[in-house]
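Colleague: So the protein sequences, as listed, match chains A and B. Using the working numbering, you'd call the opening residue of the first sequence number 1 and step up by one each time. Using the working numbering, you'd call the opening residue of the second sequence number 1001 and step up by one each time.
In case anyone wonders, no lab produced these hints; they're calculated from the structure.
Pairs of lysine to aspartate or glutamate, DMTMM-like flavour, derived with a Cα cap of 20 Å:
| hint | chain 1 | residue 1 | chain 2 | residue 2 |
| --- | --- | --- | --- | --- |
| 1 | A | K92 | A | D76 |
| 2 | A | K226 | A | D305 |
| 3 | B | K1240 | A | E158 |
| 4 | B | K1240 | A | E163 |
| 5 | A | K216 | A | E204 |
| 6 | B | K1018 | A | D129 |
| 7 | B | K1188 | B | E1165 |
| 8 | B | K1168 | B | D1113 |
| 9 | A | K92 | A | E168 |
Only part of the chain B face toward chain A is listed, based on derived beta-carbon distances under 7 Å:
| hint | residue |
| --- | --- |
| 10 | W1118 |
| 11 | T1121 |
| 12 | T1122 |
| 13 | S1125 |
| 14 | P1127 |
| 15 | V1217 |
| 16 | I1236 |
| 17 | L1243 |
| 18 | T1255 |
| 19 | M1258 |
| 20 | F1259 |
| 21 | L1263 |
Below, a sample of chain B positions facing chain A; criterion: calculated Cβ distance under 10 Å:
| hint | residue |
| --- | --- |
| 22 | S1134 |
| 23 | V1256 |
| 24 | V1262 |
Quick caveat: nothing in here was measured; it's all calculated off a predicted structure. Idealized CB from N, CA, C, for every residue including glycine.
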Amino acid sequence: MFQYILRRLLYLIPVLLGVSFIIFILFNLVSGDPSAVLLGKNATATQIAELREQLGLNKSLWLQYLDVVKSAFTFDFGRSWATKQEITYMIKQGAYPSLCLTLPAFIISTFLSIIIALIVAYYRGTGIDLFVRFLCIAGVSVSALAYILGFQYLFAYELGWFEISGFEYGFPDFVPYVALPGIIWILLSLGPDVRFFRTVILDEIYQDYVRTARAKGLSEITVLLKHVLRNAMIPIITYIVIQIPSLILGALLLESFFGIPGLGGITLNALNSSDFPVIKAMAILTSVAYILFSLLTDILYTFADPRVRLK
Amino acid sequence: MKKQSLWKDAFYRLIQDKWAMISLIIVSLYTILAILSATGLIASDWAREVGASNLPPSSEHWLGTDLFGRDVLTKVIHGSQIAMSVGLFTSLIAIPIGVFLGAIAGYFGGWIDDLITWLYTTFSSIPNIMLLISITMILGKGLFAVYIALGATSWVTLCRLIRGEVMKHKEREYVQAAGAIGGGHMRKLFLHILPNVTHIIIINTSLQFQFAIKSEVLLSFLGIGVQGEPSWGVMIDDAKLELARGVWWQLAGATVAMFIIVLAFNLLGDALRDSLDPKLKGK
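Let the hints inform the model, and build the full structure from the sequences given.
Modeller: Structure, rendered in structure tokens:
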């Protein structure tokens, strides 16, 4: 088992190098010289030279690539072009509001989806099943923008049930600000989540051990909750854990519409002001988080299903 | 003979599915609209002022007019051209890459497989939205960057699926038989195995289209997609400030147009999977 985990850990290295390489190609090779963006057209040659020195663009490409790799390990991303702040500091600031929104919404939507999927699996093949499946497909076909604009207009602006935008720090204070975006998040996640969980549960339901359990005289509900769900847990856990990194990124659109100063908002601002280092930092950060969490799921596998270790 | 009956079978299953047929009709209608619009036969005058600003829907202008007095329905039709073109061009980029890499990885195994697995693991490690944002930001705003960004991010799923399927097929007897009568690797892979995995490509294309259309709307809304012409994302972006003034038709037009086509592609994808891969029926 330790050998397996060790092998997975070693596999991190080429993937991290690969991710750094893609980001390096995009931001250091394709994007061209940033001095025109930063200094404007009237910059003197000395100014440009100084800036290139400062940004490390005088180094050989090989060393620039190493800088990208290094930042993936040290999380030292330098400063933002737009705000001149340390990017690490900006990320620390933004993580809290983002998580206030995404974490509760994520937990609620996951539990809700599993419950709905179980109900649908119980009624599989009936009208209820068909109806929920259609609702899920219809739900994911509506643009997220329509949900946000419509809900914000109706529930916050017209009816005044929620705050239209803004954020406050501290536990009970942030709730009215994140409630509506949280509800939209949940609605947006239900469609794909229920569909996926339903498929996973139905994959198990036709297995031999389920037939055995039924033959023993167990009720359909016991079979579903005790036998099917437990075995369906592996793909469900993977699906859940792999989404956690995206919680850090926050909800790009929701944050911008509801004025929540989280990481999604920071990313969008960076996008609008062509703030390359911030986008680059967010790309590296979310990739590293993704890689670490997929490692975590692989390790969780070995506990959930010992057969995995042999592969 | 056998191959024919498989496709025939699938075809009969498909035309019996009324949702699949409705979806197919919708997709065809959008395609026709997009082609007519692209060739300039309709909706080429979307920029023309046809009436007063922000007129509500009427018999003359079915979806009203926008802030500049332009006909919203014409803009929606022009938007369908952009949406379908994004689906088409990203598929044209993603499918050859995904199929080729997936096929040779699954067939040859060994270091080729290791290399390609590493490549798609790497690509899928960068969250999709960050990769999309990075690529469009660096290539410069516009439709071209959207094609490239979406193409570069969406070959991964197809590659993984094809790789798995080719792996299953390569040890089958018909492939061995092809080898025994002197077929080389390329012949076995592209002439014998690949036709047996085409259903994955077809199903994937349907889902690829809806993903591309949704992403284009998102990117255009963020201001890094289509520039200077009305795509659905641009229209929704324009509409967001008008909603408080009661101007809902532009938002509704773009949203409904997008909803119908994305729903059709989703339903079609499901129906294609049911008919081409009957083992999975009902899942």
